[in-house]
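*Asks:* Residues per chain, in single letters:
There are 2 protein chains.
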Amino acid sequence: MSRTLTVDLADRSYPIHIGAGLLADRSRFAPAIGGRQVMIVTNTTVGPLYLDRLRATLADHEPLTVVLPDGEAYKTLEVLNRIITALLEARVERGGTLVALGGGVIGDLAGFAAAVYQRGVDYIQVPTTLLAQVDSSVGGKTAVNHALGKNMIGAFHQPRAVIADTETLATLPDRELRAGLAEVVKYGLIRDAEFLAWLDANVPRLLARDADALAYAIERSCRNKAGVVGRDEREAGERALLNLGHTFGHAIETGVGYGAWLHGEAVGAGMCLAADLSARLGWLSAEDVERVRRLVAACGLPVTAPGGLTPARMLELMAVDKKASGGRIRLVLLRRLGQAVVTGEYDAALLLATLNECRGAA
Amino acid sequence: MSRTLTVDLADRSYPIHIGAGLLADRSRFAPAIGGRQVMIVTNTTVGPLYLDRLRATLADHEPLTVVLPDGEAYKTLEVLNRIITALLEARVERGGTLVALGGGVIGDLAGFAAAVYQRGVDYIQVPTTLLAQVDSSVGGKTAVNHALGKNMIGAFHQPRAVIADTETLATLPDRELRAGLAEVVKYGLIRDAEFLAWLDANVPRLLARDADALAYAIERSCRNKAGVVGRDEREAGERALLNLGHTFGHAIETGVGYGAWLHGEAVGAGMCLAADLSARLGWLSAEDVERVRRLVAACGLPVTAPGGLTPARMLELMAVDKKASGGRIRLVLLRRLGQAVVTGEYDAALLLATLNECRGAA
Numbered sequence: 002m003s004r005t006l007t008v009d010l011a012d013r014s015y016p017i018h019i020g021a022g023l024l025a026d027r028s029r030f031a032p033a034i035g036g037r038q039v040m041i042v043t044n045t046t047v048g049p050l051y052l053d054r055l056r057a058t059l060a061d062h063e064p065l066t067v068v069l070p071d072g073e074a075y076k077t078l079e080v081l082n083r084i085i086t087a088l089l090e091a092r093v094e095r096g097g098t099l100v101a102l103g104g105g106v107i108g109d110l111a112g113f114a115a116a117v118y119q120r121g122v123d124y125i126q127v128p129t130t131l132l133a134q135v136d137s138s139v140g141g142k143t144a145v146n147h148a149l150g151k152n153m154i155g156a157f158h159q160p161r162a163v164i165a166d167t168e169t170l171a172t173l174p175d176r177e178l179r180a181g182l183a184e185v186v187k188y189g190l191i192r193d194a195e196f197l198a199w200l201d202a203n204v205p206r207l208l209a210r211d212a213d214a215l216a217y218a219i220e221r222s223c224r225n226k227a228g229v230v231g232r233d234e235r236e237a238g239e240r241a242l243l244n245l246g247h248t249f250g251h252a253i254e255t256g257v258g259y260g261a262w263l264h265g266e267a268v269g270a271g272m273c274l275a276a277d278l279s280a281r282l283g284w285l286s287a288e289d290v291e292r293v294r295r296l297v298a299a300c301g302l303p304v305t306a307p308g309g310l311t312p313a314r315m316l317e318l319m320a321v322d323k324k325a326s327g328g329r330i331r332l333v334l335l336r337r338l339g340q341a342v343v344t345g346e347y348d349a350a351l352l353l354a355t356l357n358e359c360r361g362a363a
Numbered sequence: 002m003s004r005t006l007t008v009d010l011a012d013r014s015y016p017i018h019i020g021a022g023l024l025a026d027r028s029r030f031a032p033a034i035g036g037r038q039v040m041i042v043t044n045t046t047v048g049p050l051y052l053d054r055l056r057a058t059l060a061d062h063e064p065l066t067v068v069l070p071d072g073e074a075y076k077t078l079e080v081l082n083r084i085i086t087a088l089l090e091a092r093v094e095r096g097g098t099l100v101a102l103g104g105g106v107i108g109d110l111a112g113f114a115a116a117v118y119q120r121g122v123d124y125i126q127v128p129t130t131l132l133a134q135v136d137s138s139v140g141g142k143t144a145v146n147h148a149l150g151k152n153m154i155g156a157f158h159q160p161r162a163v164i165a166d167t168e169t170l171a172t173l174p175d176r177e178l179r180a181g182l183a184e185v186v187k188y189g190l191i192r193d194a195e196f197l198a199w200l201d202a203n204v205p206r207l208l209a210r211d212a213d214a215l216a217y218a219i220e221r222s223c224r225n226k227a228g229v230v231g232r233d234e235r236e237a238g239e240r241a242l243l244n245l246g247h248t249f250g251h252a253i254e255t256g257v258g259y260g261a262w263l264h265g266e267a268v269g270a271g272m273c274l275a276a277d278l279s280a281r282l283g284w285l286s287a288e289d290v291e292r293v294r295r296l297v298a299a300c301g302l303p304v305t306a307p308g309g310l311t312p313a314r315m316l317e318l319m320a321v322d323k324k325a326s327g328g329r330i331r332l333v334l335l336r337r338l339g340q341a342v343v344t345g346e347y348d349a350a351l352l353l354a355t356l357n358e359c360r361g362a363a
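First to last, the protein sequences are chains A and G.
Just so you know, we're using the working numbering here: the first sequence kicks off at 2 and counts up by one.
Just so you know, we're using the working numbering here: the second sequence kicks off at 2 and counts up by one.
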């Protein structure tokens, strides 16, 4: 069984297919491939598991393959250049299609390569992690990191299709499953109180990899994301709400060094910090904050920033994050559970208090 | 006296201002700058000549500056990263504006940096070479080179304004003035027979830097380019005609090593090769080809490929050029003088004959 949603962007609209066994379903790939040439981009972890299956599905195209090292530390311009070199060596032309087989890092790298190779070629997202299936594969944000900040070099470039085979989650390490849940919880917190209540009750099923529960969470997450992206593709307004926890989270990721914390772990902690600050602004109750922390903790995610990062260092790292505007750090905060807002209107002392209080042991 | 044209692209439309002294005209810059932060990108040749003047014009913004080494050899991902680093170190935000002060290389580099920094910020083109004023600063094509091919990594990203101060041509070396004329001649050949006739008569005035003649040639070139770009921004069709001579030219540039031949020199020779092949297809007369060669030679540009590049090597280099499609090298050729077409429908033996015949001494 599979479900199909649509990201509605006029002539750049595309389907999100979600279901078990889709990696082998040629009929989902064919409509998204315009030309003959196909290059699959994957990594040394996912490749051994799923590359053969996908190559068989795309056999008519005799797909080329690039296998990259695994990890956020490789989401760099240098690794991007390796993809470009492979494309040029294989003489892939403007009509070619890239296929991103992997998690968020592979999707960001392959998507950005597709955005800039010969000023733009097609690509398909084939997310194999929960995080990528519920969030990063949808919406066309692509990027690589810079030593001074995460995702600082990138482009908006929509895929031609997102094909999420839920069977690939069977091989996902527990830690990555938990990290993916951070982005699932995010949708509940920012705009879907009903889903939040469902999550309060069903996180144990998700952690136990109950297939029905996972399929439901993925579809509901994608539906939330597709709606937001369809109304605000380039993050002029509403889409910024999807960054709940991310300004704190990016600061943590950069501060501890890319890869030490998974993105979802940093976002989990970041959402708890955002909830704490929201409470200091009088928007959330102490019970609300406790509910957020309990849910994030139930997902097996950290609820505080690492003790090794001082509030001063966190502020410095947050200031370089791209949500800054006019010198003031703009944050996504919670008016209430299920309703996020973007604001730079808060007392800096309250932010400092949050950074001081929501910090683990050094 | 100055003239203003418009590139008509709906919500991304922008003006091209052409005139003497515009570098000092604050009123041309102000409407194109949305935020407070401005970073000027220039090089070690243009900077000492014009940076102070531009900084004074933009003084309200206390502009930051990045000065790069001069030359096509520096149009790389590594140098792009230097611009990104400078932007991050200065904490330039999404509302910031880049200003490209220089020739085609600076425009391509700064424009591409603007396209990808934080997934896209504004930029202004301030072209200081003839080539950039008549061609590369208009139309939003940005890119860097790869060792395996020119402009292989890039984006379409339209500037907010093009501000061409014709007084900057006073300091342009003769060789670069000549190179710029290649792109001027190009417009005549592909779509403006009347302009071609004017050029037959007026190239000596242009070489003598007659201000009226230069202003006329720049405006007419920009008018041609703006019209084409307005109808086909992303080169789905008509815009490809602007690549007359460029597939041959890029092969020459890559073959001799970036910078050994100027882009305009390679395009000049490339247009002569395109004319030769067009005649072999029966589209141009021998007199037409001779007229093209005479005009290119009058501009002080080469009319043949370098002898050191064998036809086999040229073919290899041309095959990697992005105008290839379905394995066949698509070329812009001339149906007649003033009317170009894109085609892959030609006898490969005729292309080989052109490559053999239109080759200088080794």
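In case anyone wonders, no lab produced these hints; they're calculated from the structure.
Since we're looking at a predicted model, the values are computed, not measured.
A portion of the hints provided could be inaccurate.
[As the list claims (entries may be wrong)] Ranges between beta-carbon positions, derived for each pair: (1) A/Ser286 <-> G/Ser14: 28 to 36 Å; (2) A/Ser286 <-> G/Ala60: 45 to 53 Å; (3) A/Leu10 <-> G/Glu346: 46 to 54 Å; (4) A/Pro32 <-> G/Glu288: 47 to 55 Å; (5) A/Gly309 <-> G/Glu90: 47 to 55 Å; (6) G/Arg54 <-> A/Asp61: 41 to 49 Å; (7) A/Pro32 <-> G/Ala21: 28 to 36 Å; (8) A/Pro70 <-> G/Ala60: 43 to 51 Å; (9) A/Glu63 <-> G/Gly309: 56 to 64 Å; (10) A/Gly308 <-> G/Ala57: 44 to 52 Å; (11) A/Asp26 <-> G/Glu90: 24 to 32 Å; (12) G/Arg336 <-> A/Thr7: 58 to 66 Å; (13) A/Ser286 <-> G/Thr7: 34 to 42 Å; (14) G/Gly22 <-> A/Leu10: 26 to 34 Å.
[What the hints assert, rightly or not] If you want a taste of the chain G side facing chain A, the calculated C-beta under 7 Å gives, among others: (15) Leu89; (16) Val117; (17) Leu149.
Even for Gly, the Cβ is constructed at its ideal location relative to N, Cα and C.
*Asks:* Take the hints in turn and mark each one as holding or not.
*Replies:* Here is what the structure says about each hint:
About 50 Å separates the C-beta atoms of A/Ser286 and G/Ser14, a value inconsistent with the hinted range of 28 to 36 Å. Separation of A/Ser286 from G/Ala60 is about 51 Å and conforms to the stated range, judged on CB atoms against 45 to 53 Å. The beta-carbon spacing between A/Leu10 and G/Glu346, approximately 35 Å, falls outside the hinted interval of 46 to 54 Å. Taking 47 to 55 Å as the suggested C-beta distance range, the pair A/Pro32 and G/Glu288 conforms, at roughly 51 Å.
Under the hint 47 to 55 Å, the C-beta atoms of A/Gly309 and G/Glu90, about 24 Å apart, miss the expected range. At roughly 59 Å, the beta-carbon separation of G/Arg54 and A/Asp61 lies outside the given 41 to 49 Å, and the hint is violated. For A/Pro32 and G/Ala21, the Cβ-Cβ distance of about 55 Å falls outside the hinted range of 28 to 36 Å, so the restraint is violated. Checked against the hint of 43 to 51 Å, the C-beta distance between A/Pro70 and G/Ala60 comes to roughly 47 Å, which is consistent with it.
The hinted range of 56 to 64 Å is not satisfied by A/Glu63 and G/Gly309, whose Cβ atoms lie roughly 36 Å apart. Taking 44 to 52 Å as the suggested C-beta distance range, the pair A/Gly308 and G/Ala57 conforms, at roughly 50 Å. Checked against the hint of 24 to 32 Å, the C-beta distance between A/Asp26 and G/Glu90 comes to roughly 48 Å, which is inconsistent with it. As the Cβ distance of G/Arg336 to A/Thr7 is approximately 43 Å, the hint placing it in 58 to 66 Å is violated.
Checked against the hint of 34 to 42 Å, the pair A/Ser286 and G/Thr7 fails, with Cβ atoms roughly 55 Å apart. At roughly 44 Å, the beta-carbon separation of G/Gly22 and A/Leu10 lies outside the given 26 to 34 Å, and the hint is violated. With a cut of 7 Å, the hint placing G/Leu89 at the interface with chain A holds, because the nearest CB-to-CB distance is about 4 Å. Because the beta carbon of G/Val117 sits about 5 Å from the nearest beta carbon in chain A, less than 7 Å, this interface hint is met.
With its C-beta approaching chain A no nearer than about 4 Å, G/Leu149 sits inside the 7 Å limit, and its interface hint holds.
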